[in-house]
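> Model the full structure from these sequences, guided by the hints.
Take a look at the letters that make up each chain.
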Amino acid sequence: MASSAGAHGGGDNANANTTGTTGGGVQQTEEPTIEDLQRDIEHLKRKIAEERAKLCDKTTAQVSDALEPIQGLNIKVRRSLKGHNAKVLCLDWCSDKRHLVSSSQDGKLIVWDAFTTNKEHAVTMPTTWVMACAYGPSGNVVACGGLDNKVTVYPLTLDEDVATKKKTVGTHTSYMSCCLFPGSDNQVLTGSGDATCALWDVESGQVLQSFHGHSADVMSVDLAPGPNPNTFVSGSCDKMAFVWDMRTGNYVQYFEGHESDINAVKFHPSGDAIGTGSDDASCRLFDLRADREVAKYTKESILFGVNAIDFSTSGRILFAGYNDYAVNMWDTLKTHRIAMLYGHENRVSSLKCSPDGTAIATGSWDYSLKIWA
Amino acid sequence: MESTPSVVQQQRMEVDQLRREATMKRIPVSQAVEDIKRYAMDHMMQDHLIVGFASEKANPFREKTWSCEVL
Numbered sequence: 001m002a003s004s005a006g007a008h009g010g011g012d013n014a015n016a017n018t019t020g021t022t023g024g025g026v027q028q029t030e031e032p033t034i035e036d037l038q039r040d041i042e043h044l045k046r047k048i049a050e051e052r053a054k055l056c057d058k059t060t061a062q063v064s065d066a067l068e069p070i071q072g073l074n075i076k077v078r079r080s081l082k083g084h085n086a087k088v089l090c091l092d093w094c095s096d097k098r099h100l101v102s103s104s105q106d107g108k109l110i111v112w113d114a115f116t117t118n119k120e121h122a123v124t125m126p127t128t129w130v131m132a133c134a135y136g137p138s139g140n141v142v143a144c145g146g147l148d149n150k151v152t153v154y155p156l157t158l159d160e161d162v163a164t165k166k167k168t169v170g171t172h173t174s175y176m177s178c179c180l181f182p183g184s185d186n187q188v189l190t191g192s193g194d195a196t197c198a199l200w201d202v203e204s205g206q207v208l209q210s211f212h213g214h215s216a217d218v219m220s221v222d223l224a225p226g227p228n229p230n231t232f233v234s235g236s237c238d239k240m241a242f243v244w245d246m247r248t249g250n251y252v253q254y255f256e257g258h259e260s261d262i263n264a265v266k267f268h269p270s271g272d273a274i275g276t277g278s279d280d281a282s283c284r285l286f287d288l289r290a291d292r293e294v295a296k297y298t299k300e301s302i303l304f305g306v307n308a309i310d311f312s313t314s315g316r317i318l319f320a321g322y323n324d325y326a327v328n329m330w331d332t333l334k335t336h337r338i339a340m341l342y343g344h345e346n347r348v349s350s351l352k353c354s355p356d357g358t359a360i361a362t363g364s365w366d367y368s369l370k371i372w373a
Numbered sequence: 001m002e003s004t005p006s007v008v009q010q011q012r013m014e015v016d017q018l019r020r021e022a023t024m025k026r027i028p029v030s031q032a033v034e035d036i037k038r039y040a041m042d043h044m045m046q047d048h049l050i051v052g053f054a055s056e057k058a059n060p061f062r063e064k065t066w067s068c069e070v071l
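Just so you know, the sequences run in chain order P and F. Quick note on UniProt numbering: the first sequence kicks off at 1 and runs consecutively. Quick note on UniProt numbering: the second sequence kicks off at 1 and runs consecutively.
You may find that some hints are simply not true.
To give an idea of the interface, some chain F residues facing chain P are shown, with a C-beta separation under 7 angstroms as derived from the structure [claimed, not checked]:
#	residue
1	L18
2	R26
3	S30
4	A32
5	V33
6	K37
7	M44
8	G52
9	P60
Just so you know, these hints were derived from the structure itself, not from any lab. All C-beta atoms in this analysis are idealised placements derived from N, C-alpha and C, irrespective of residue type, glycine included.
As structure tokens, this is what we get:
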């Protein structure tokens, strides 16, 4: 207790309060026990919850009451991408707004031309359940992994089989559930069933930073847009979302409220908030500066879990893919459902808006991907 | 993965972290949502999934009429 308070500069209210709970006398040299620390943690969490509760002066729907409702939407299936022979588990857009990479339960990775629906590369991984795949910012490299616990990077070249150039970059102690390139082809950020996230150097395969804090499987990560390139968010089966500082390895904020696993996290395009999707059949919006939930997207008729979410470029629409095969479109501000996209014949496992916001791609357990615009 | 911190280390880190969080400055929900609303208003006209395209030809995913491009 005393040592950690000293290291932190001491003197603020939180310190004064928590010191009070340990009872005064034993604080010079005694190392705090796990029980002491646990008590401090619970006390601080209660205090934070109280502070957050004070901020709820209005609901998001009240603030947005005078807004014009969204009308005249004309989103439909424009392309169907067929070629996987098993459940599609993940997809990502290339920065050229034209190509897509997808990964599947049968171990296949496919690179698509979404304009023509042609397959440009197909790679068979030595594993099943390739749960994650991501394009590098240059568009010349993809990363993937899954039940093999590894993140593997493939440079995309047209002259030879991409599988010959593969590079195993990192290994977790459990499955890899999600990955992304944070701003450069030289680094990969991964999330894993081992409850950690890790930042890897692609060239050397070294861990640059590891992120401990979740108490269960990490299911999803997303990078902050714009001026905070060192911030990312993770969502976990511990029902929490953490906001991390990539440079220090520490988390800066946590968000709670979901009643079951968080399967998807995504930064709002403003960078001020994060969206989440959960097995509790809800999506939520958490604001970083209010440090709390500001909206919840649910309906009594929606009973199934959410696997994937993304925002339209203005942040007004939240797209969410569900286990009941539907994609629901939520008005993030009026907090109601504005439309449903039907087309898949099984769970929607993955979903992403194209980089310029002209289309959304969905992947499903029905073995197909669809482009909606 | 590399060595994992011990339980006590992890808990200490968490206590330090929660102390920092406990003292952070927070804004009310109304103000946070006003900012999110303003962002949506400022970017709505470029949000093609909401406003569509000035002409269907501008949509890169319009239905395929590629026949002449094969030349």
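> Check the structure against each numbered hint from earlier and tell me which ones fail, lowest number first.
Of the numbered hints, all hold.
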